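A.B. asks: Go ahead and model the full structure; you've got the sequences and the hints to work with.
Residue numbers (the working numbering), protein chains in the order written: chain A, 2 to 488; chain B, 6 to 324; chain C, 3 to 296.
Derived from the structure by calculation, the hints contain no laboratory data. Be careful, since some hints might not be right.
In silico lysine-lysine, DSS-like type, Cα no more than 27 Å apart, as pairs [said to hold, decoys possible]:
1) C:Lys103 - C:Lys36
2) A:Lys337 - B:Lys309
3) C:Lys280 - A:Lys435
4) A:Lys458 - C:Lys280
5) B:Lys229 - C:Lys60
6) B:Lys58 - A:Lys337
Selected chain C positions facing chain A (Cβ under 8 Å, derived; list incomplete) [claimed, not checked]:
7) Phe10
8) Tyr71
9) Gly74
10) Tyr78
11) Ala121
12) Gly122
13) Asp125
14) Lys126
15) Gln129
16) Val130
17) Trp283
18) His284
19) Pro285
20) Ser288
21) Leu289
Chain A regions said to be covered by chain B (calculated; three or more residues, Cβ under 8 Å) [claimed, not checked]:
22) 275-282
23) 352-364
Given the structure is predicted, the values throughout are model-derived calculations rather than measurements. Virtual Cβ for every residue (Gly too), placed ideally from N, Cα, C.
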Amino acid sequence: MASAFEYAPAPESRSVVDIAPSYGLFIDGEFTDAADGKVFKTVSPSTEEVLSEVAQAGEADVDRAVRAARKAFEKWSALPGSERAKYLFRIARIIQERSRELAVLETLDNGKPIKETRDADLPLVAAHFFYYAGWADKLDHAGFGRRTTNGPSGANPAPLGVAGQIIPWNFPLLMLAWKIAPALATGNTVVLKPAETTPLSALFFADICRQAGLPRGVVNILPGYGDAGAALVAHPDVNKVAFTGSTAVGKEIARTVAGTNKKLTLELGGKGANIVFDDAPIDQAVEGIVTGIFFNQGQVCCAGSRLLVQESIHDELLDSLKRRLSTLRLGDPLDKNTDIGAINSAEQLARITALTEQGEAEGAERWSPACELPGSGYWFAPTLFTNVTQAHTIARDEIFGPVLSVLTFRTPDEAVAKANNTQYGLSAGIWTEKGSRILAVAGKLRAGVIWSNTFNKFDPTSPFGGYKESGFGREGGRHGLEAYLDV
Amino acid sequence: MPTTAPTAQALVDVTASDSTLRRFLHGLPGVDAVGLEARAAALGTRSIKTTAKAYAIDLAISMVDLTTLEGADTPGKVRALGAKAVHPDPTDRTAPTTAAVCVYPDMVAVAKEAVAGSGVKVASVATAFPAGRAALDVKLADVREAVAAGADEIDMVIDRGAFLAGGYLKVYDEITAVKEACGTSARLKVIFETGELSTYDNIRRASWLGMLAGADFIKTSTGKVAVNATPANTLLMLEAVRDFRAQTGVQVGVKPAGGIRTTKDAVKFLVLVNETAGADWLDNHWFRFGASSLLNDLLMQRQKLATGRYSGPDYVTVD
Amino acid sequence: MSDRLSVFKTYKLYVGGKFPRSESGRVYEVTDSKGNWLANAPRSSRKDARDAVVAARKAFGGWSGATAYNRGQVLYRVAEMLEGRREQFTREVAEAEGLSKSKAAAVVDATVDRWVWYAGWTDKIAQVTGGANPVAGPFFNLSSPEPTGVVAVLAPRESSFLGLVSVLAPVIATGNTAVVVASERAPLPALSLGEVLATSDVPGGVVNVLSGGTAELAAPLAAHQDVNAIDLAGADEALAKELEISAADNLKRVLRPGPVDWAATPGTERLTAFLETKTVWHPTGSLGASGSSY
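C.D. replies: Structure follows, in structure tokens:
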């Protein structure tokens, strides 16, 4: 009887989503071609199949979208908060209703496992809209006080105007929610540019806005490349810029808005330290390490990409971790039992490959579980590096892939010093059963989100954002309103 | 087979005294409840279909300890149960037999006769089941009676009162005494009554205590309290047997009991086994379900897979 | 319309998720503003009040333990269900309060929106009323609001629906459970609301609706040792004082009656009236003997 328990394929049905052969830009409530007629293809990273052809926004389209948003702003910002709330509640409910369709779509366009889009992305997206819906008519309770000088309109606290928002490809719809929900709740209108490799869920969201009866021009979606993003940031009639993406681009945006009145929030890269003390709940720590770096194939800015393990339990922990990694299931992202999906693009795969090769070249020891990679698509096996030091590139640069660098420490002091020894400061994890150690270490870490005995937990009520070169501003929670209010 | 517990030499010292045993058990890694439950729930989302489901159903049937533990048990009831264990599905002789029938000590002889020649084992609860509140010699007499009547397996309950009062050595000594009373013929399952131990840290400690004392199986529950087997407490015990074998080389079985009623539940437990302890435990020598109504649901699902139609309770037997 | 004979509804209480008749077996006549008979409403007894408290207490653990997000979803669901029954409530409110159809419709719309307003508060009130306290020492110190428990609510006498929801929704939004005594003169919208709540994912026992003599029901509720708080919105000055004295016996939290514009956007006072603040201290310690620059 002791034959292996092989799980038969359990693919989620692709037929729940109907992808059109082409999509336009969404401007002023209508789908429209790009002014210069340009289009680009979006592919499924797990198969390299072309999913659809999408209009590619250029400078003229950005201008048109910003005008539409400006025009819509007057009425939208003047609506009673309770009415804006009801639009957002409608959107939240429609997302809940269409969550299976959107999960499959996101998995197809991004490559991440259906298990994650179904159980993490989509529930969080709906919850985010639901949460900010409730704030729309309660802004005077949000604790920002009153301005000492008068804002541009009667509302207090007042919205900023047109928000230009640029989001990454790792959580396409969730990042959209993080951007759009607080912007609309506070009375702003938006022009949002999704990433060029993952435009589809944002375009489906445009359809949801129409179903919800959202006034034209309040939400505009511009699929496109970096040039469209740059034009959006530079547009003189944009009052607020919100960007999630790489630190290099974030710095460029900060330079662009210098000297203007544009309010800016940036959510950038990270090199999160996951610190495991010798008195940690070991089995849960192993799970947390796995979640920390292999969730979404490690393509997460707050990933726990540096494991800092107390030297006294290094071998024991690594044994457990390797055993656990051997049970990860890599493959078809639509299979409900897949733990590790595809890397989002050939470009990202090349970057991960280059950095891991550098890790080996610099003398770190590489290990991956036995793992067969599919023949087509972009894939990278779960990988860990031991014998890593602070001087190694793989301990310093953000890899943004399923690659864990393992370092050791001897004392809490040393753990904190190593954890903080980075230009980033987005996230960190602490694993110990001792409460006072958690709080002492958390108090010393220079990072915006500290997870204790857990990792990669997100909630619309909880502010998220970084220290240092991981960016500034917070998304989520009461704090997330501030970025969109004249306070 | 040695008369003492198969404790690995490396861990002999920890049972030298109450204080060494206490230090050892309290030195085991803590369990974070939220993380443990999240892991169990995540494994519960595995989607087991078609051939994998057919495999899992037959495996689960073969792992059932078909149980009747009622004050109203009679020889007739036990004979019927034995017949069901031997031929779970009278319309389909390809259905595997269950692992065992599980009865009170005074029913062992009847059960033994009912399953004679089938390979189905007879397990007997003992040690003043389910409360365990009796003097040690009474408990041992209970065990000896069951073994003498032919029980292949003894399901003992630990003294939860002693455990909760910190009397770990007392619990340990009792298990070793019962193990001795089982002799060479009966395998010993040690029931912790996890619902009464209450915390996951306690369940981990009890698991190690039971294994150190020579348990062949560690078992969650009697089925007689509010909280019985759960995915989380079974996951924790699977981690314990996995770690115990890694440290001592001794393999110990796991038996969740009580509250597992559907095929869906049973398959989730098998996923826990597969991805925690591993394939070495996917065999009824090392994993069991203590259950009664589960069997019929497994049989109905088995019929559904075979015919493509949903079955109904009229098409499985009520015993 | 033809001469079809209409079907009358028997109005019943809403207790523990079920719709019992009064234990007393008694009813009283409910009339419209002109004195025309509308229906017979149950005249609840002290025992009905006691049963309602038992139901509310039983529901408290689950409801207060539900996530704030979940409670928000449930309250929003109430708004959705109510939206579909606006016509029924418009008629009942018009009859109960002597309003024109259009005015009654506006009242019902405002009532639906009131549920939406409080649905949005469930996961925000802790962020507004709680927070970290910078104590002068090596301690983490956090204050969080928690629901008080079982709250007896005397619904406003005049505003039979908007007023009722305006006092009920904040009580349950924060995780309390409620025993509501409907407006004595105009109980029908409250009794019909029970039917909406029963189909809105609100767990049984979270809201319990009684009709009958306000003073008769309020006295045992104010004196009940397993009731943690009381909202006296529907009591007159003399009754309110008497009940407040009675409530002092187990130090119930008391919200006194006062003039309220039910149509205005509420503040947070009805949310905070039935919240306790729990403050947790925990040592932060230091990293070790040496400390660290960061």
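A.B. asks: Hint numbers the structure violates, sorted upward?
C.D. replies: 7, 17, 23
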